[in-house]
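Asks: If you read the protein sequences in the order shown, they are chains A and B. Its first residue numbered 1, the first sequence is counted upward by one per residue in our numbering. Its first residue numbered 1, the second sequence is counted upward by one per residue in our numbering.
Calculated from the structure, these hints are not laboratory results. It should be emphasised that the depicted structure is a prediction, and the values quoted were computed from it without experimental measurement. C-beta atoms are modelled at their ideal positions from N, C-alpha and C, and glycine is treated no differently. Misleading hints may appear alongside valid ones.
To give a feel for the contact side, a few chain B residues facing chain A, derived at Cβ under 8 Å [said to hold, decoys possible]: (1) A3; (2) E4; (3) T6; (4) S9; (5) L74; (6) M78; (7) D81; (8) R83; (9) A111; (10) N113; (11) Q114; (12) P217.
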Amino acid sequence: MATALKLQPSEATVYHVRNGSDGANFRISEFSLWYGVKQALFDNSLDIQKGLVTALIGPSGCGKSTLLRCMNRMNDLIDGVRVSGRMTLDGQDIYGRGIDVIALRKRMGMVFQKPNPFPMSVYDNVVYPLRVDGVRDRASLDEACERALKGAALWEEVKDRLRENALGMSGGQQQRLCIARAIAADPEVLLMDEPCSALDPIATSKIEELIDGLKGRYTIIVVTHNMQQAARISDNTAFMYLGRLIEYGDTDSIFTNPHLERTQDYVTGRFG
Amino acid sequence: MGAEHTVKSYDEELKRLNSAIARMGGLAESQIASAIQAMSRRDSELAAAIVRNDEKVDQLEREIDDMAVRLLALRQPMALDLRNIVSALRVASDLERIADYAANVAKRSIALNQVAPVRPVGAIPRMGRVVQEMIKDVLDAFVNRDVQKAIGVWTRDEELDEMHSSLFRELLTYMMEDSRNITPATHVLFIAKNIERMGDHATNIAETIHFLVVGTPLRATRPKHDSSSFAVVQPSSEAKEAQ
Chain A
1 MATALKLQPS EATVYHVRNG SDGANFRISE FSLWYGVKQA LFDNSLDIQK GLVTALIGPS
61 GCGKSTLLRC MNRMNDLIDG VRVSGRMTLD GQDIYGRGID VIALRKRMGM VFQKPNPFPM
121 SVYDNVVYPL RVDGVRDRAS LDEACERALK GAALWEEVKD RLRENALGMS GGQQQRLCIA
181 RAIAADPEVL LMDEPCSALD PIATSKIEEL IDGLKGRYTI IVVTHNMQQA ARISDNTAFM
241 YLGRLIEYGD TDSIFTNPHL ERTQDYVTGR FG
Chain B
1 MGAEHTVKSY DEELKRLNSA IARMGGLAES QIASAIQAMS RRDSELAAAI VRNDEKVDQL
61 EREIDDMAVR LLALRQPMAL DLRNIVSALR VASDLERIAD YAANVAKRSI ALNQVAPVRP
121 VGAIPRMGRV VQEMIKDVLD AFVNRDVQKA IGVWTRDEEL DEMHSSLFRE LLTYMMEDSR
181 NITPATHVLF IAKNIERMGD HATNIAETIH FLVVGTPLRA TRPKHDSSSF AVVQPSSEAK
241 EAQ
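Just need the whole structure built from these sequences, with the hints factored in.
Replies: And the structure:
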């Protein structure tokens, strides 16, 4: 077994990021988070490029999911969470005073590890976010449903069974349904927390293909334990360890020639 | 090479791959040494043995290919491991070519033994020594992941190119002097070319080592001094009169 590496607090993050044509969407600077007295994130600074796919990788407990959940303030729901530092979306301070968290979350779709369709029809699942928003017009709902299902590469499979219960679908279809639901309200950002870890290889390939197709239209941030997946689908990869951002750079370099020994040891399977 | 993998059999497979490269390199080195010896001693038997031995090198290359493909498929290697496996494939194919050239030298030396010795044969062992040293050093550099040593080999190829060019001009002159020299001189010319090509493959291996260790290709341009492609020797006036 490789011995766990100890981190020096002074160790600086190494950056070699591929820049998107539209600049940064998220700007995160010196962001820290505490669960009660336990610090989970330490002074993380990174810009997430607009329209690109960014993968967050690292061993269990490194803080990658925590960081992802900070982006739409899902950590607010946990007692005793405290944050410091800055996180902005298109210049707007996510943790600023008087920010409308609901409006903020509408700008981001989120997909979780396990598909979580609501116990209702395929159609009702997809248009749920629009109905919550108060859209009642049948034609707009139909149109949004078709567009979202097409966007999630599910339309051909379910167009004849839109009224059937979503829970009767396969796991892979359910996950693509959740992606359709996440993009139905036309968000800017898609946050994905291990979107394929509960799926079989074929369903995983479909999701990966889908992520590739959604790239450009959305800024996509994916947390994944599957390094081959991160290598395949992302433009930039952030490697985190013990709550710190270690190396953040273009995916090609991270997986073929990382700048830091520590990143290399992780991506080659020497620790973690 | 950093810490060990969590999966130990992965380390063992990588070790086996690298030791197969070392074995293949050793075999290629001894094939060259024997080929040069067979030629300078006019030993047709030794030359025939070299031609037969080439199959062993080919066999090792196939083994290395199999190991590398298996590692790629089963381990999905990343970063240094990935470069290690890709480099093994490249080095194996360069070594296979080098050994092929050694076998070619041996074949031609058998043909040379059928005719009277030609004068500049002495230059061949000199070229042979240079290329043997280059290959020895580049293999050491591969085993020790020594980029500086690899770059040293890479620049030394210049010397071999120059030797080849001057031998080329010399042989043209001999052939013009006496057309009976054409047969042996042509064989010697091909032998020299084979040795020169071995040097080129040694520089390929040096470039692979750079990629393996540093992660980027060697970008500088190598000094090239093989001008034999452009060499023209005009017949002297006496030779013209003799015609």
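Asks: Indicate, hint by hint, whether the structure satisfies it.
Replies: Right, here's what the structure says about each hint:
1. A cut of 8 Å between beta carbons decides the hint on B:A3: the least distance to chain A is about 4 Å, and the hint holds.
2. Against a cut-off of 8 Å between C-beta atoms, the interface hint on B:E4 holds, since the closest Cβ of chain A lies about 6 Å away.
3. Using the Cβ-Cβ criterion of 8 Å, the hint placing B:T6 at the interface with chain A is satisfied: the shortest such distance is roughly 6 Å.
4. Restraint check, B:S9 versus chain A: the minimum CB separation of about 12 Å is more than 8 Å; hint violated.
5. For B:L74, the shortest C-beta to C-beta distance to chain A is roughly 12 Å, which exceeds 8 Å, and the interface hint is violated.
6. Because the closest C-beta pair between B:M78 and chain A is about 4 Å apart, less than 8 Å, the hint holds.
7. Checking B:D81 against chain A: minimum C-beta separation of about 5 Å stays under 8 Å; hint holds.
8. Annotation: interface hint on B:R83 holds; nearest CB of chain A at approximately 7 Å, less than 8 Å.
9. Hint status for B:A111: violated, given a least beta-carbon distance of 47 Å to chain A, over 8 Å.
10. Hint status for B:N113 relative to chain A: violated, with the closest Cβ pair at about 50 Å, above 8 Å.
11. Below 8 Å, beta-carbon pairs count as interface contacts, and B:Q114 has none with chain A, the closest being about 53 Å; its hint is therefore violated.
12. A least Cβ separation of about 11 Å between B:P217 and chain A goes past the 8 Å threshold, and the interface hint is therefore violated.
The structure is inconsistent with the numbered hints 4, 5, 9, 10, 11, 12, although it conforms to all the rest.
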